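*Asks:* Sequence:
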Amino acid sequence: MTARNVQSRITKLEARSARPDEILVVWRMPDGDVAEALKGATFAKGDKVICAEWFGDSPPPEPRWYGDELRRAMPPGEYEQINRTIDHVAGNHQAKRDPGFAPFPSITEDRMKRMTDNELTHAILGVRT
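If you read the sequence shown in the UniProt record's numbering, its first letter stands for residue 1, the second for the next number, and so on.
In case anyone wonders, no lab produced these hints; they're calculated from the structure.
Since the model is a prediction, treat every value here as computed from it, not as a measurement.
Here a beta-carbon is modelled for each residue, glycine too, at the ideal position from N, C-alpha and C.
Check the hints yourself; a few may be wrong.
To be verified - As a list, the in silico DMTMM-like pairs of lysine to aspartate or glutamate whose alpha-carbon atoms are at most 20 Å apart:
(1) Lys45 with Glu119
(2) Lys39 with Asp68
(3) Lys39 with Glu119
(4) Lys45 with Asp21
(5) Lys113 with Glu69
(6) Lys113 with Asp68
(7) Lys113 with Asp87
(8) Lys45 with Glu22
What the hints assert, rightly or not - Cβ pair distances, simulated, as ranges:
(9) Ile107 with Pro20: 16 to 22 Å
(10) Arg111 with Ala35: 25 to 31 Å
(11) Val6 with Gly40: 16 to 22 Å
Required output: the full structure, derived from the provided sequences and hints.
*Replies:* Right under this line is the structure:
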């Protein structure tokens, strides 16, 4: 096997192993295309993946996996960008949603109260996997 074949095989194997307790954060520029932002990310069907907007002046961070609590695990400046993206989505609720996003789930108020911050964030910014 050539090095290229080995690397390709490793990438495919990594993508097959779902990560039920983690969430992948992928960044895009404001109003950027979700599918375009996801091109450089590796994830498996069923993984939790969100695509947040990067409002900063610097280039957006690379995609990264996080564990339980984004609020504690990620740098405060990046977490603020996620909050700004959620505010942007809430403020544009009548605008057409990018087809790369998963449909908004139907959630009862009681269920919403029991969801973790990561689950709520994924419900709003989650993409199709």
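*Asks:* Take the hints in turn and mark each one as holding or not.
*Replies:* Hints, one by one, checked against the model:
no.: 1; hint: Lys45 with Glu119; result: holds (17 Å)
no.: 2; hint: Lys39 with Asp68; result: violated (25 Å)
no.: 3; hint: Lys39 with Glu119; result: violated (23 Å)
no.: 4; hint: Lys45 with Asp21; result: holds (14 Å)
no.: 5; hint: Lys113 with Glu69; result: holds (16 Å)
no.: 6; hint: Lys113 with Asp68; result: holds (17 Å)
no.: 7; hint: Lys113 with Asp87; result: holds (19 Å)
no.: 8; hint: Lys45 with Glu22; result: holds (13 Å)
no.: 9; hint: Ile107 with Pro20: 16 to 22 Å; result: holds (19 Å)
no.: 10; hint: Arg111 with Ala35: 25 to 31 Å; result: holds (29 Å)
no.: 11; hint: Val6 with Gly40: 16 to 22 Å; result: holds (20 Å)
Checked against the numbered hints listed earlier, the structure breaks hints 2, 3; every other hint is satisfied.
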